[in-house]
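Next come the chains, spelled out residue by residue.
2 protein chains.
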Amino acid sequence: MAKTKLKKIPTAAPRDVRKEDCKRELDKILAELDELQNLLYAEGKHAILIIIQGMDASGKDGLTRDVFTSMNPQGVNVHSFKEPTPEELAHDFLWRIHAQTPQKGMIHIFNRSHYEDVLVTRVHRMIDDKEAKRRMEAINDFERLLINNHTQILKFYLNISHDEQLKRLEERMEKPEKMWKYNADDLQESALWDEYMKYYEDAIDGCNEVPWHIIPADQNWYKSYLVAKALRDLFKSLKMKFPGLKRGKS
Amino acid sequence: MAKTKLKKIPTAAPRDVRKEDCKRELDKILAELDELQNLLYAEGKHAILIIIQGMDASGKDGLTRDVFTSMNPQGVNVHSFKEPTPEELAHDFLWRIHAQTPQKGMIHIFNRSHYEDVLVTRVHRMIDDKEAKRRMEAINDFERLLINNHTQILKFYLNISHDEQLKRLEERMEKPEKMWKYNADDLQESALWDEYMKYYEDAIDGCNEVPWHIIPADQNWYKSYLVAKALRDLFKSLKMKFPGLKRGKS
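Sequence lines, in order, name chains A and B.
Counted the way the numbering used here counts, the first sequence spans residues 1 to 250.
Counted the way the numbering used here counts, the second sequence spans residues 251 to 500.
Just so you know, nobody snuck in bad clues.
As a list, the in silico PhoX-like pairs of lysine-lysine whose alpha-carbon atoms are at most 20 Å apart:
(1) 354(B) with 491(B)
(2) 383(B) with 448(B)
(3) 178(A) with 295(B)
(4) 491(B) with 175(A)
(5) 295(B) with 496(B)
(6) 7(A) with 198(A)
(7) 3(A) with 198(A)
(8) 491(B) with 181(A)
(9) 295(B) with 354(B)
(10) 428(B) with 45(A)
(11) 479(B) with 489(B)
(12) 354(B) with 178(A)
(13) 496(B) with 82(A)
(14) 175(A) with 496(B)
(15) 428(B) with 246(A)
(16) 104(A) with 332(B)
(17) 496(B) with 354(B)
(18) 431(B) with 45(A)
(19) 486(B) with 278(B)
(20) 104(A) with 246(A)
Just the calculated beta-carbon pair ranges, DEER-fashion:
(21) 435(B) with 176(A): 47 to 55 Å
(22) 188(A) with 421(B): 53 to 61 Å
(23) 83(A) with 285(B): 23 to 31 Å
(24) 376(B) with 211(A): 49 to 57 Å
(25) 275(B) with 39(A): 26 to 34 Å
(26) 130(A) with 391(B): 51 to 59 Å
(27) 163(A) with 388(B): 51 to 59 Å
(28) 496(B) with 205(A): 35 to 43 Å
(29) 163(A) with 262(B): 56 to 64 Å
(30) 493(B) with 188(A): 18 to 26 Å
(31) 86(A) with 267(B): 50 to 58 Å
(32) 267(B) with 95(A): 47 to 55 Å
Derived from the structure by calculation, the hints contain no laboratory data.
Here a beta-carbon is modelled for each residue, glycine too, at the ideal position from N, C-alpha and C.
Only chain A is shown next, with the shape it has when bound in the complex:
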C-alpha cells in the first residue's frame, strides 16, 4: 500500500503565507540563482538535473518560465519529453532520457521524464505491475549512476487539485492566447485522475535514491517560490568556488 497519500498533501499555500512576500522573496532568490548558475558553469564540477512532473495544466511550463528565465541560457537546457517516437520505442525506456542528461557545469530541466514510463503507461495498461516494478528498479539504478557521476538530482511533483486542473483546462478552450495549449485528449485524461494519483503515489514511494519534493501548485506564485528556494538551497550546499588559472586548451 502506498505510503504517500497525495490527497492528504496540501495543493495550496498555507493561509498565513502572503503572495507579495513570496514574490519579493522569489525575486531575491532569482538574483542569487543567476550568480550561482554562473559559478556552477565556471567551476564545472557538478551537473544539475531537475525533473518536473505533474498532471496536465499543473503549471510545468510556467514553472520553467518563472524560475529558469533568470539564468544564462547557455548553461540551462530544457527538454520536454513527449510521446515516444517509433525510434525511441525501439530502445529501452531510458535510452532517450540518458541522451539528455547534463554534463558537468550544466543545468538540465526535464519537463516530464522517465517517470511517464511508470505513469501514463500504467493508467492505459500498456505495462503490467511486474514490468512497472522492473522499471522502478531501473530508474533507481539509473539515478544512482548519475549521482555517482557528480549529478545532483531534484524532483518536483506539482500537486494541484482536480478542481483547479479542470478550471485551467477550461481556460485553454476560452482564452485565445491559451488555445494553442489545448489538446482534445486532455479531458479524457483528466477523467482518469484517481488512476493517475494511484500510480504517482507508487512512483513517489518507489524512489530509493532521490526523494520527491511535493509542491502545492494551485497558486503559481507559491509553486515557483518553493522550487526556486529548493534549487537555491541545493546550490548553496555545493560550496562551489571559482577555479584558478588552468593551463592548455579548455
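Given chain A, put chain B in place with the hints provided.
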C-alpha cells in the same frame, strides 16, 4: 579582393549614443522579446537560428546572457561549438551543425558555428583556398535549405578592436572570477589577428543567402542593444498570431 573591410567598420558606439538610453531601450525590447518568443512557440510556424561569431573575448557569452536570459528557456537553446571531436571530424563539417538546427517554434543560438570551418581552419592552414571555396558554397546551400524550411537566420559578427581584445584577455589572467575563461592558447591566437580578419572578411563576403550584421562590440551595452533590436525587428516582420483550437494529439 574582399569588399568588406572590418578595419573600416566601427568597433564602438557613435559618440552621440548614450549608454543610459541604450540600456533603457534594451529593457523595453527584452520585455517585448519575452512576449514575441512565447508567440513564436505557440504559433509553431517559424524557427529562428541565431549565429554569433567573433574573436576570443569579443563578448559572445555575455551577449547570450544579456539578450536571451529574458526568454523562456523552454523555447531557447544555446549550442556552443567547440573544437570538433574525432566522431565529428569523421563526418562532413556540417553534420554536427545540422543536428543542432531549430525545429519550428524554437530559437537556437549558435555560439561559434560552421563559420569556424572557414576561419580557424584557414588561419592554421588545415584547408586550402579551394576547399574554403567549396565549403562556402556548401554553407550557402545549407542555409538555403534551412530558409526554405521556415527557418529565419540572423548572423552577428561581434566587431571588437584588437586593443580591446588584449585588454579583456589580460583581465582573464587577473580577475579570479574570470580566470576560468582563460585559455593558454588565447594569446597565440590573438597574435594572428590580421589573418583572422582576412578570412572573416572572406566569409562575410561569401554569404549569398543571409548577410551578416556587423556589430560594434567594444562596449557590451551597445552590442547587446543592437542585437536585441535586430531580433525584435525580425520577430515583428513575421506577423505571428496565436493559433486557434486544434483537434487531436499535440
